[in-house]
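Chemist: Given next are the chains, with one letter for each unit.
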Amino acid sequence: MKATKTLLGVAIGALLMGSVSAMAETVKVGIIGPFSGPFALQGKNFQAGVEAYMALNGKSVEGNDIEVIYRDLPTANPAQARALAQELVVKDKVQYLGGVYFTPDAMAITPLLKQANTPLVIFNAATSAIMNTSPLVARTSFTTAQTTTPLGQVAFDDGVKMAITVVSDYGPGIDAENAFKKAFEAAGGEVVETIRMPMNTTDFSPIMQRVKDSGAGGLFAFLPSGPPTLGFVKAYNETGLKQGNIKFFAPGDLTQESDLPALGEAAEGLRTSFHYSVSHDSPENTKFVEAAGKAIGNPEQLSFPAVGAYDGMHLIYKMIEAADGKQDAQKAIDAVKGLSWTSPRGPVTIDPETRHITQNIYLREVAKGPDGKYYNKKIKTFPNQKDPGLATQ
Amino acid sequence: MQTILSIATDAFAYGMALFIICIGLSLTMGLMRVVNLAHGAFAMIAGYIASYAARDLGMGYGVAIFLAIIGTIIISIPLERLLYRRIYGSPELTQVLMTIGITFCVIGITNYFFGPTLKTIPLPEALAEPVDLGFRTIAAHRLFVMACGVAVAFGLWYLIERTTFGTKVRATVDNAAMTDALGVRTQVIYAVSFAIAVGLAAFGGVVAAEFLPIEPYYALRYMVIFLVVVSVGGAGSILGAIAACLVLGAVDTSGRYLMPEFGNFFFYAAVIVIVFMFPRGFFGRAQ
Amino acid sequence: MQFVAQTERMTAAPVAGRRRWSRDAVGVILIVAAGVAGYFLFPDSLALLTRIIAVALLVLSLDLIVGYCGVASLGQATLFGAGAYAAGIACVNGVTEPLTLIAIGAVAGAAAGLVMGAIMLRAHGLAQLVLSIAIVQLAHEAANKASAYTGGSDGLAGLFVGPLFGVFEFDLWGQTAYLFGLSLLVAVFIILKFVVSSPFGMLCRGIKEDPIRIRAMGAFVFPVLLKMFVISGAVAGTGGALAAISTQVVGLDSVSFELSANALVMLVLGGLGTLYGALIGTVIFMGFEHVVSAINPFHWMTMVGALLIAVVLAAPGGLSDLLDQISAGKKRNSGGRP
Amino acid sequence: MSDLFRVENLSKSFGGLAVSRNISLHMPAGERLALIGPNGAGKTTFVNLVTGQLKPSEGRVVLNGEDVTGLGAVRRVRKGLVRTFQVTRLFSEMTPEEHVTLTVLQREGRASRILGRFHGNSAIADEVADLLGALGLTEVARRRVREIAYGQQRLLEIAIALALRPKVLLLDEPAAGVPSSETPRIEQALERLPPSLAVLMIEHDMDLVFRFARRVVVLAAGEIIFEGLPSEVAANDKVREAYLGNYAHARNVA
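Chains as they are written, first to last, in my numbering: chain A, 18 to 410; chain B, 276 to 562; chain C, 2 to 339; chain D, 1324 to 1577.
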């Protein structure tokens, strides 16, 4: 339905532009994301980001019309990811691939890129190692290590000498644990215990008991955004850890804006570090939030994948411009290496070495706004953070 | 000692939350012989109704629970008439196919109407506050869940063992044709039992929402746990379901405390051991 | 009376044998024809078709257990995943010859089948189903934990598979992968047709219907079923290895409850105990899912659910049963009913 | 001892309830023994104890001089102790030919072979055809079992048992549920059983018993109350009591 709407838009746009460029070519962009399933909200955010960018910047680049094709990949499923990417390239003849929420899916797609002569712009998948698997990948999201690392110093400066880490037992969780541990110990603190809990944990009380027993003064946590975060934050409050002055630190996945209405009061005062807050105060962001909020329907559902997609589209537009509508992956990717611009999240650069985005990381605190709604309030900026995960490899 | 007590309290609360949701499924599977994988879908529908009533319409918690139960039962009636009646007595795998189909539809439709975000059911002040038990603080709603679990267990036991309706249900289970011949309308018995099971799912979905938060994938996410708990307890047995919930709740909770990184190993290893020791469940009927 | 028996045997037996043969031959030809037609009709979707073939192998393997032995399993992906990870790990460690990788996957699947069968066959009915769930969850957890070997939740990447017979590359367009997969599927299907019509296959069908009768015939039930588990594991492992080779990544989803449940849904959808049902169910389910999710990626689940409900109402015996009834009229396919 | 088959002091109780008490039997080769008794006398339990479906609380089962009490049901079948079922246990989708072929293959130790086709072996096909012919099942040999008459299904039960080449055959009510029009065919089949086979028949139909059996054992309330010639049964007081329902009463008094 949305796809047809896009198609219609493209068609009308093409009609209007017909006079400008008689030899206009249609450049197709394939976006793979979780548009259904447990992560449908993140997929919706992908779409909102893409549509917002196209609404603000037009649907063509130098006479080349752009057509976006969405493909649904509900959960991490590399086999299906490869099949979708292959079909987009071979059948739908897309010149650019974008999206991808989960790391294994990205890993399945990157080996295809060279043969397909197609660059991939990752809107989310946040494991450092993806960038090493193909020279034709660029990423506009973040890595877990990138968003987490500043927290080590923050926690230590906040008077926490001993910390405990609690993460979901999967790739990004382990990345977060390592990044925090490294940064915190570099700052002079000590991680007294590391807990990895299964992905499907629903009752967190025993974990909180464990945290309490560890004697740590600070708790670092990482969970994938979504339903479990609610239980985790509630358990933190209800087991008396909050009152007991055990300080809580987490990357912003835990307090993504679309979860805040549900988390509500429970999350108030939680400090998280992240690359983007919907409340970020800048003219670029105001424009973005308005456009993306319109695209997604309900602005409360707006969250970080939208900005990844928005900036991802920016890269793709730049690539189309550089390649002049032709299919030339190397030329396209070379064009965005070192590219700097002001994103809704703040100033960003594509690192020419890693093709990963260099950006500010913000320390925020969940606060109640004047409208009675909760938001992530910026309290500190760590400028120009590269991906430490890649730097160490 | 304090830690043990504390873990035991958590385990009991978690076990009771599971029990309230699962007992309805246990009844459908044990008494009606329907493997209703859509059970969680009904709990989820109730959660959405309660969330809508309490959060968006500002109604009280008790009213929300009541509306959720009634609403879910009303939604289930056409499903029972049109779909479930066709699969009473069908092979189990056919029932699985049908009820998975229903689950998919419920998820798709819920997603469409309510969006993919998490829904909360605001608790009344009295239940939201932590309570000091002496050895630890615990959220008041956990005590409430425990009380609900105990109440549901006694209520059901009374209904099935001590009322004429219960007698008819048990007779229908033993021999539907014979009971029919005795003038009991087994169709009605089935319909009412189904409504009770759905009502329990609804009640469980709402009061246990603090443990198993309401979101569109609820119905699939917890399907396995529900099925495992019912089977371990022995389908159709109240006592078995209690035992299974408490044992698995204890294993799960203490596993997560002692060795969180191997939490799932503990849980499923315990399931395998229990199934080996009690192939028909703790208190399963001989088949 | 003896005489009558003799003459009838002389005339009728070869006829029945030939009919069975020719029916299977037609079936295999139809599968090959459908496969080749898919190659020419959808030359741009070969990766999807290859994935369907890999899953079809999984569903076939499940049919051996559920359809021929009456052992319900919601954990069949354990065997698929064992094959996929074994082939993947071997590939990362330098074994790049595709046929060798398939063999490794089949052996790993068979070994996993042996273990899984030995555990599951201790119980019956619902308890058995729950054991299968517990096993697949443990396997999933183990694969997640052993991230040094499996890549954990990030997936096992970096599989560089050598060309088939040293000539045909597994490339973007996926012709090699598809034709290789199709040949594998046809080969496995023919072998399985032999297996299910062998004395062993008959014995399994007997066990499915009445194990007490089989014991009264003097046959042990457990080793027979265990053997079928091993065969099933080899088939599922082949599917897993094919998936690993063709996608060059192995993810945790290949050893998940979700995949197991989907496989069972596809099997019941297609119809149990005929092998054809497994193929029909897989193609219909995955094809439908693909088409609907491309048309409307946001709400395809409702439609898939509606399809399942419609099938139960219209064809409780599965789609292959429905086809049987429509096409052949009274003549029914051999094999047990669900 | 020349007995082919012996049961010594066999007892079984479930909880405190004794369902078989101290049963002893002996059967030479070629024996035709009928076991009768009123409903609930413990006949089926006895069969299950003998065939190994149930483990006895006490006593021994001896086949061909070998104690088989510790063996399971399958091993006993392989040693030649074969039974039929009171309610037929057949595979509804298979044909009689397939049933018997499978049984012969199993006897030959070839039933669990994956290589080799089910219908391929002509020696086995001959044997199957002969057996089906002998029991008058040739016409229905290629029909599904669920499509053939119940009497024919009963005959198939016997055919399966015979295909195992038993030494001792337990026929559990071979004529139960068969319409009277079809009973003669079953009688005929019983008369043609191999002469050296020891047969223990459990049966309600007294006509059949009198025609078939050379010896009769009467079981009541789990124990043997009579053993002797068929002609003596009717005159026996204990048997009359048991069948007239007084046995239980008499036992209570005693």
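Keep in mind the hints are simulated off the structure, nothing from the lab.
A hint or two may mislead.
[Unchecked claim] Under the rule of at most 35 angstroms between Cα atoms (straight-line distance), these lysine-lysine pairs were calculated in the DSBU-like manner:
#1 LYS178(A) with LYS194(C)
#2 LYS146(C) with LYS1490(D)
#3 LYS1378(D) with LYS194(C)
#4 LYS228(C) with LYS1561(D)
#5 LYS131(A) with LYS228(C)
#6 LYS403(A) with LYS146(C)
#7 LYS198(A) with LYS194(C)
#8 LYS228(C) with LYS264(A)
#9 LYS1561(D) with LYS194(C)
#10 LYS259(A) with LYS194(C)
#11 LYS335(A) with LYS395(A)
#12 LYS131(A) with LYS229(A)
#13 LYS199(A) with LYS146(C)
#14 LYS229(A) with LYS146(C)
#15 LYS304(A) with LYS178(A)
Chemist: It remains to establish, for every hint, whether it holds in the given structure.
Modeler: Hint-by-hint comparison with the structure:
| no. | hint | result |
| --- | --- | --- |
| 1 | LYS178(A) with LYS194(C) | violated (68 angstroms) |
| 2 | LYS146(C) with LYS1490(D) | violated (58 angstroms) |
| 3 | LYS1378(D) with LYS194(C) | violated (40 angstroms) |
| 4 | LYS228(C) with LYS1561(D) | violated (53 angstroms) |
| 5 | LYS131(A) with LYS228(C) | violated (45 angstroms) |
| 6 | LYS403(A) with LYS146(C) | holds (29 angstroms) |
| 7 | LYS198(A) with LYS194(C) | violated (57 angstroms) |
| 8 | LYS228(C) with LYS264(A) | violated (57 angstroms) |
| 9 | LYS1561(D) with LYS194(C) | violated (60 angstroms) |
| 10 | LYS259(A) with LYS194(C) | violated (64 angstroms) |
| 11 | LYS335(A) with LYS395(A) | holds (30 angstroms) |
| 12 | LYS131(A) with LYS229(A) | violated (51 angstroms) |
| 13 | LYS199(A) with LYS146(C) | holds (22 angstroms) |
| 14 | LYS229(A) with LYS146(C) | holds (26 angstroms) |
| 15 | LYS304(A) with LYS178(A) | violated (42 angstroms) |
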